[in-house]
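S.K.: In the order they appear, the protein sequences are chains C and P. Counting along the first sequence from 1, when you hit position 156 you're at 156 in this note's numbering, and nothing is skipped either side. Numbers in this note's numbering are just positions in the second sequence, counted from 1, shifted up by 221.
Honestly, the hints are just simulated from the structure, not real lab data. A hint or two may mislead.
List time: in silico PhoX-like cross-link candidates among lysine-lysine, alpha-carbon distance up to 20 Å [what the hints assert, rightly or not]:
| hint | chain 1 | residue 1 | chain 2 | residue 2 |
| --- | --- | --- | --- | --- |
| 1 | C | Lys157 | C | Lys175 |
| 2 | C | Lys217 | P | Lys305 |
| 3 | P | Lys375 | C | Lys217 |
Covered stretches of chain P (chain C as the covering partner; in silico rule of three or more C-beta atoms under 8 Å from a C-beta of chain C) [unchecked claim]:
| hint | region |
| --- | --- |
| 4 | 257-269 |
| 5 | 300-306 |
| 6 | 312-322 |
| 7 | 406-417 |
Note that the coordinates shown come from a computational prediction; the quantities given were computed from them, not determined experimentally. Every residue gets a Cβ at the ideal spot worked out from N, C-alpha and C, and that includes glycine.
So you can see what is in the structure, the chains are spelled out below.
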Amino acid sequence: MGYWEFLVEYLPKLANGAVMTVMVMVCATLLAVTVSMVFGLMRLSSHFAIQGAATVYIEFFRGTSLLVQLYWIYYVLPLMGLTLSPFISGVLALGLNFGAYGAEIVRGGIQAVPRGQYEAALALNMSPFSRMRRIIIPQIYTIILPPAANLTVELLKATALVALITVVDLMFVAKQINATTWLSAQVFGTALIIYYAMARFALIPFLRWLELIAARKIGKA
Amino acid sequence: MDTTHPQVLPEGSPLVRFSGVTKCYGPLTVLDKLDLDIAQNEMVSIIGPSGSGKTTVLRVLMTLEKINDGVIYVDGEPLTHMPKAGGLTFSTERYLHERRSKIGMVFQQFNLFPHMTALQNCVEAPMQVLGLSREDAEERALNLLELVGMGEKKDQHPTRLSGGQQQRVAIARALAMRPKVMLLDEVTSALDPEVIGEVLNVIRSLNSEHNLTMIMVTHQMGFAREISDRVCFFYEGKIAEQGSPEQLFGDPQNERTKQFLHAVLDAS
Chain C
1 MGYWEFLVEY
11 LPKLANGAVM
21 TVMVMVCATL
31 LAVTVSMVFG
41 LMRLSSHFAI
51 QGAATVYIEF
61 FRGTSLLVQL
71 YWIYYVLPLM
81 GLTLSPFISG
91 VLALGLNFGA
101 YGAEIVRGGI
111 QAVPRGQYEA
121 ALALNMSPFS
131 RMRRIIIPQI
141 YTIILPPAAN
151 LTVELLKATA
161 LVALITVVDL
171 MFVAKQINAT
181 TWLSAQVFGT
191 ALIIYYAMAR
201 FALIPFLRWL
211 ELIAARKIGK
221 A
Chain P
222 MDTTHPQVLP
232 EGSPLVRFSG
242 VTKCYGPLTV
252 LDKLDLDIAQ
262 NEMVSIIGPS
272 GSGKTTVLRV
282 LMTLEKINDG
292 VIYVDGEPLT
302 HMPKAGGLTF
312 STERYLHERR
322 SKIGMVFQQF
332 NLFPHMTALQ
342 NCVEAPMQVL
352 GLSREDAEER
362 ALNLLELVGM
372 GEKKDQHPTR
382 LSGGQQQRVA
392 IARALAMRPK
402 VMLLDEVTSA
412 LDPEVIGEVL
422 NVIRSLNSEH
432 NLTMIMVTHQ
442 MGFAREISDR
452 VCFFYEGKIA
462 EQGSPEQLFG
472 DPQNERTKQF
482 LHAVLDAS
C-alpha cells in the first residue's frame, strides 16, 4: 500500500483522534490556567498555611511522574470509590500537573512587576486585593506569556499519554491502526506530522497573538 | 502610660509630626530619633547627601516602610500606631487604610500604571478607594490633568509620554485623592534637563495658588531656595540644620551643611 492510499484510508480516522486530542488539550489548558493562577497567588500569600499548601501542591505534582498521576486518577481513585471517565481523568491529570508548573510561572511574573507599581498603588491607598487585581495582575501577561506558551506546547504533546487510559485520541487511533495494519512508519509518521502541524500552525500563532495583545495593552507594541 | 507619645495631639498641633522616629535596615540606622514638625500649608524641602535618610522620611510617612521606634502623627492622630489600652500599638492594615488617603506621594520614577491611559491612572484610586462614581472621578481627574497641563494627553498611555509629561500625570494622580500633604521624592531626578522646568512649574503653582502642604526631597538647590518655607539639611539620619532658605543657603552654621552646599553648588 502506497502512502497516498494509506492516507485516503486512514487519515479520516486519525483526524477524528486529533479532534479528541484538541478537546483534551483545550480542557486541560483551561484547568491548568486556573490552577496556575490560584496556586501562583497562594504561593505569594503572607499567610503561612496558604503558602504552605501551595508549596506542597506544587512540589507533589511537579516532583512525581505525570504518567503515574494519570494512572492514579484513572485506576486507583475508583478503589477509593471515585470513578472518573477516561476523558475527565486525562484532563484532570494534565491540568493539575501542568498547573503546578504554571503556578511557578505566575509567581515569577507577579514578582517581576516592578516594585514601584506596588508602591504607587499603596500610596494611592488601594487595598491589597485591588492592588493585585487592578494593578499587578494586568501587568503580568507580557512577562508570563512566553514561558506559558512553551508550557502549552509541552502540554499538547503530553496529551498523547491519555491514550494509555483509553481516551480515543490521536495517539490511541494511531496505535489501533498500527495493531491491525503493521504500517508503523506510515501511521506514527503521520501522527508526528499532525502533532507538529497542530503546534506549529495553530497553537503557536495563537499564543503569539495573545502576546501581541498583552503587549498592546501596556502600550508596548 | 507612655506620655512621650500621646494618643492624640492637642488642637493646633502641626499637620505632620515625627516624634523620635527611628528606622533601621539591619545594623544600619537610617533615621535616628528624628523629630520633625510640618505645619499646615508649609512647604518643606529636605536636602542632604545620599544615604542621609531623606527619602526614608517620605517612605515611612507614606507607610511604605515600617518604623522601628517613635511615632508619626498626621492630622493630630497617630499614623504608624493606633490607640489601644491607654497606650499605642503598631497600626493594623485596616487602621492604615482609613488614614493613608491623607498622604499623597509622587515618585522619582513616576510609577504610572502602564496598562492605563493618563485619565485611567487618575480615575482608578478615586473610584476604587474613595468610591466615587465614574462621572465624578473623571471630572475630578480631567480638572487635575488640565491643572498640570496634560488635558490634551488624557487618552495616551504612559509609554507615549515624555518623562516630564509622565511626572505631571503622576502629580495629578496623587492630587486626585485630595491628600492633606503631598510628598515629592526627587521628582525631577529621573528627568531630562529640558523637561525639568515644566514639572517645577506645576509644583510652583500648587504651592502658590493651591497652598498645598508639601514635603519635597530634592537635589534642585535653586528651586528649594526659591519655593520652600523651610529647608532641612539631613546628615546621617538626623536634621543637622534647618531654617529658612535665606538662612540655610545664605548663612549655614553647621560644618556639614557648608561642605555639602559647597560641593553641590560647585558642581552646578
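S.K.: Take the hints in turn and mark each one as holding or not.
M.R.: Hints, verified against the model:
1. Lys157(C) x Lys175(C): Since the Cα atoms of Lys157(C) and Lys175(C) sit roughly 16 Å apart, the hinted pair holds (cutoff 20 Å).
2. Lys217(C) x Lys305(P): violated, 46 Å
3. Lys375(P) x Lys217(C): holds, 16 Å
4. 257-269: Answer violated; 0 residues pass the 8 Å Cβ test.
5. 300-306: Check failed, 0 qualifying residues.
6. 312-322: With 4 residues close enough to chain C, the hint holds.
7. 406-417: violated (count 0)
The structure does not agree with the numbered hints 2, 4, 5, 7 stated previously, though it agrees with the rest.
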